[in-house]
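As you go down the protein sequences, you meet chains A and B in turn. Quick note: the first sequence uses my numbering, first residue 2, plus one each step. Quick note: the second sequence uses my numbering, first residue -2, plus one each step.
The reader is advised that the hints may include incorrect statements.
[Stated by the list, open to error] Okay, derived cross-link-like pairs now, BS3-like style, lysine-lysine, Cα gap no bigger than 25 Å in a straight line:
1. A/K454 / B/K64
2. B/K249 / A/K537
3. A/K168 / B/K161
4. A/K454 / A/K414
5. B/K266 / A/K168
6. B/K122 / A/K462
7. B/K161 / A/K537
8. B/K156 / A/K533
[Said to hold, decoys possible] In silico contact screen, one side only, chain A against chain B (beta carbon under 10 Å); selected entries:
9. A23
10. Y178
11. A504
Treat the hints as calculated values from the structure; they're not laboratory data. C-beta: ideal position from N, C-alpha, C; glycine also.
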Amino acid sequence: MNFSFLKKLRVVLAIFFLVLLALLFIDFRKSFSKEFYLWSVSLQFVPAMLKAYFVPGVAILSITFILLLTLFFGRVYCSVLCPLGILQDVISWISGKSKKKRRYKYHKAWTIGRYILLTIVISPLLFGSVTMVTLLDPYSLFGRISTTLFKPVAVVLNNILAAGFAKADVYNWLYRYDMIAVYPAILIITTLFLAGIGYTSFTRGRLYCNTICPVGTFLGLISRFAIFKIKISKQDCTHCGRCARACKAECIEVKSQTIDYSRCVACFNCLTVCSDKAMTYNPKSLKPFVMAEGTGPKAAHKKVASPPDSSKRKFLVTSLVGIAALYGFKAPDSIPGDKKPKLIVPKPKGESTVPEVKTSAVSPPGSRSVERFNKICTGCSLCVSACPTKVLQPSFLQYGMIGMMQPHMDYHKGLCEFDCTLCSDVCPTGAIVPITMDAKHLLQIGQVHFEKKNCIVEVEKTDCGACSEHCPTKAVHMIPYGKLFIPEVDQKICVGCGACEYACPTTPFKAIYVNGNPIHLAAEKPKTEKAKNALKEGEFPF
Amino acid sequence: MERRKFITSGIGAGLATGAAITFGGIDNLIAGNAALPYDLIAVRGGEPDVMFDKGIEALGGMSQFVKPGQKVVIKPNIGWDRVPERGANTNPVLVKRIVEQCLKAGAKEVFVFDHTCHEWTKCYKNSGIEAAVVAAGGKMVPGDSERYYQKVNFSGGSKLKEMKVHELIMNSDVFINVPILKHHSSSKISICMKNMMGCVWDRGFWHKNDLHQCIADFLHYKKPHLNVVDAYYVLKQNGPMGVSLDDVITMKSLILSRDIVAADSAATKFFGKDPADINHIQMASAAGLGIMDLSKININRINL
């Protein structure tokens, strides 16, 4: 039987999922519906697992599907569904096309390291910390890489084209878009990850997936027992080694004619290159495995597996230690809820003088509480990408070290629109639970605070009122102040949307700002009176 | 009868003004004002499009403002993600009719934009204005990126001397201002002059540097050729976006004028306030940018 169709099928599906997921994160034109978002990410392992646990529903089917898929066919997930895996395949493919053609060779599995790492990632989950998963989950990594690094490239290209069209008075196809700069630390971390994964995939194929990736290691535990497996026929194999050189998982040992199924990502490249028709992909036979080493004339072709590369190993150990150290950095007193105001910007002369006192970051509407959000969100940044007002931004230390890269409401960058629930609709992990529009209108994610000493009306003695202008409930309203009008706040009806903070023109400190509610509360409904028309029908007041 | 006579005699005067615009350039537009019979048209009791047809007819027709081949920019208020009944954005029926009239008068292209406060695509869509403009043959233009705004320097203003304005305001031949009359928490009332804030990028600067003065100062840079105030739905309280439908009354009125200060003054009276109490109207009038005193201008009142 010719198995080469399997690789073709794999490539077509992989390209489909890579393009689909990349578009989700790169899109800045709000092209997709919430259903499209949900379906597109529904087969991602870590989000589906978290959602199945925290917000049980369809996600249970997703996770069952992925586990059964692996049990039947091996780690097909890694080759077809995982966007980071496919991205690595693209890099490996480019590497293979390069002048100095790269060939893979068999390496022993780094078994102990893999399982220690998996333990390090999983065990904090038991104590309610998702931090290590956030850092290493391949889907979330891909999301951050796409949003932080790929999206800007797309936006720059778009803006160049849009500017050209605008010159010709054509405005209806493309429009220009302003990006929000992410924190340098986030940019650096994401770039380092891409550089690291880019390097390992360029030189060693799926090394990341088979050493560091928690999903890869976990699915590897199942794929050992997969029903469909690639097998080498001892009779037909000539030890030519083509399969091993084509294996980007570096898991085929020609000497012993064996395959390490915990590392095989079911890419089917070996099936395509085997000229002896010695490789098959069939259901498990019930016969016991013959593990004896090949002997006879064919043994002459035997290749000696090269010893593990010690420098690369050192690199891995160092990065592992580094990551562990980063995790250890999570000091308990940096958890939100402490009373220390965070002052980042120094005060220039002639600007507002009183620092904003924020004791808690604002987590997105639908996350219920900061603690709950920190426990579930893997920082994939899908909500950041979908957010129409750019108010959702990856955090740096707003939640403390524990929540780095999880999005927070950045009211210096945008406001949360009253009539929008998109982040809660698209969240794949359940960190943000879907809420209805009516619920959103009465949900208080933070409370407004007014600092008169910073206010334009007080300092400059001129009218301003930008805060009240943007307030959807008039929790911020204007009251007489001599000949002027000054803001007054009513925290009971404040929803914490941050419109006032965003609109407030004072710098560096705002005169009005929202302090997060660690646990989201209910806001009261604003009371309104029916407006009266003093003018009679047909009457002119002049 | 009187009114008809005025209109007939107005056509000749209108032609003269048209010639003045053509030969004397846009800046001389205000000088040509005196030749017109009416300084301000106030219409009551009709649908927005019907009131506009009557009003523009009383001003001598759209051809007074738009010449064949010209590029027109219409600046409604599309600031908020609100449906028309909430009275936060200009009525789409009115905007549609203005676009149609401009194209009928021979405009080469009609552009519509606003620098919105809420997310712009939602504002354009839910205000109904995008659909109305496209149906009428006009073009919606984004105003959401700083890249669409260019720096201009100008003299005359006391606080505002430079700003970044939308490229369409700079490059179009005809500039039509179509605000909605509403309450406003910052500027007390939002009509024609306040609507100009949607032409600039950095509104925070205005808020920081004497809001009322900056609103008046903008007119030293440019005045719209025609102001059309939508007072069909009027947001009487909790402006500029409103909290609920309770804030809105149905007034079914429309004001048209070349004089932006006069239009604001008349609209303020419709709203039930004294224009002299609104600082920016007072300031613009004092600076000679238009006439606030309605007893000094010729008004045509039309009841449908």
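Structure-based check of all given hints:
1. For the proposed pair A/K454 and B/K64, the alpha carbon gap of about 53 Å is over 25 Å, so the pair is violated.
2. Simply put, B/K249 and A/K537 have alpha-carbon atoms about 11 Å apart, close enough for the 25 Å limit, and the pair holds.
3. Pair hint A/K168 plus B/K161 holds up; C-alpha atoms about 18 Å apart against a cutoff of 25 Å.
4. Distance hint between A/K454 and A/K414 is fulfilled; the C-alpha atoms sit about 23 Å from each other, no more than 25 Å.
5. For the given pair, B/K266 sits about 42 Å from A/K168 by alpha-carbon distance, which is inconsistent with the 25 Å threshold.
6. For the proposed pair B/K122 and A/K462, the alpha carbon gap of about 38 Å is over 25 Å, so the pair is violated.
7. Among the hinted pairs, B/K161 with A/K537 is inconsistent with the structure: their alpha-carbon atoms are about 42 Å apart, more than 25 Å.
8. Pair hint B/K156 plus A/K533 does not hold up; C-alpha atoms about 37 Å apart against a cutoff of 25 Å.
9. Contact between A/A23 and chain B, as hinted, is not supported at the beta carbon level, the nearest pair being about 22 Å apart and thus beyond 10 Å.
10. Below 10 Å, beta-carbon pairs count as interface contacts, and A/Y178 has one with chain B at about 6 Å; its hint therefore holds.
11. The beta carbon of A/A504 is positioned within 10 Å of a beta carbon in chain B (closest approach about 8 Å), and the interface hint is therefore held.
When held up to the earlier numbered hints, the structure conflicts with 1, 5, 6, 7, 8, 9 and fits the remainder.
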